[in-house]
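Position in the sequence shown counted from 1, then plus 82, gives you my numbering.
A few of these clues could be false.
[What the hints assert, rightly or not] Pair ranges (Cβ atoms, derived):
hint, residue 1, residue 2, range
1, Arg113, Phe92, 33 to 39 Å
2, Thr87, Arg113, 42 to 48 Å
3, Gln94, Thr127, 20 to 26 Å
4, Phe116, Thr87, 44 to 50 Å
5, Ala115, Glu95, 34 to 40 Å
6, Glu95, Thr127, 18 to 24 Å
7, Gln94, Phe116, 34 to 40 Å
8, Ala90, Thr112, 22 to 28 Å
9, Glu95, Leu125, 26 to 32 Å
10, Thr87, Pro107, 33 to 39 Å
No lab work stands behind these hints: they were computed from the structure. All C-beta atoms in this analysis are idealised placements derived from N, C-alpha and C, irrespective of residue type, glycine included.
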Amino acid sequence: MAARTSDALFLQEQRRFRRLEVSLPVWITTRDAFEANSNVWELGTTRDISLGGSKVYVPSGEEE
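Please build the complete structure, drawing on both the sequences and the hints.
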């Protein structure tokens with residue numbers, strides 16, 4: 083019974099994390115635009131990143 087309870091709690095936390103992930107706004111761009119030092123950014127969500135299997139780059143000065 084304890085295993086089922088912990089599994090249910092784990093699944094509940096996974097669902098909560100997915101909802102949070104979808105709701106986080108981020109600025110995104112294409113790889114080509116990034117490598118060309120182009121300043122073309124669009125507002126997206128972390129779901130856009132996770133669905134595309136994208137890499138995340140943090141511009142210098144934005145780490146803090």
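Status of each hint after checking the structure:
Arg113 and Phe92 have their C-beta atoms about 35 Å apart, which keeps the hinted 33 to 39 Å range intact. Distance hint for Thr87 and Arg113: a CB-CB separation of about 44 Å, consistent with the stated range 42 to 48 Å. In this structure, Gln94 and Thr127 meet the distance hint of 20 to 26 Å, their C-beta atoms being roughly 22 Å apart. A C-beta distance of roughly 45 Å is found between Phe116 and Thr87, which places it inside the suggested range of 44 to 50 Å.
For Ala115 and Glu95, the hinted distance range of 34 to 40 Å is satisfied, since their beta carbons lie about 36 Å from each other. With their beta carbons about 20 Å apart, Glu95 and Thr127 fall inside the hinted range of 18 to 24 Å. Gln94 and Phe116 have their C-beta atoms about 37 Å apart, which keeps the hinted 34 to 40 Å range intact. The hint said 22 to 28 Å for the Cβ distance between Ala90 and Thr112, and at roughly 41 Å that hint is violated.
Between Glu95 and Leu125 the beta carbons are some 28 Å apart, a value that agrees with the proposed interval 26 to 32 Å. Between Thr87 and Pro107 the beta carbons are some 35 Å apart, a value that agrees with the proposed interval 33 to 39 Å.
In terms of the numbered hints stated before, the structure departs from hint 8 and from no other.
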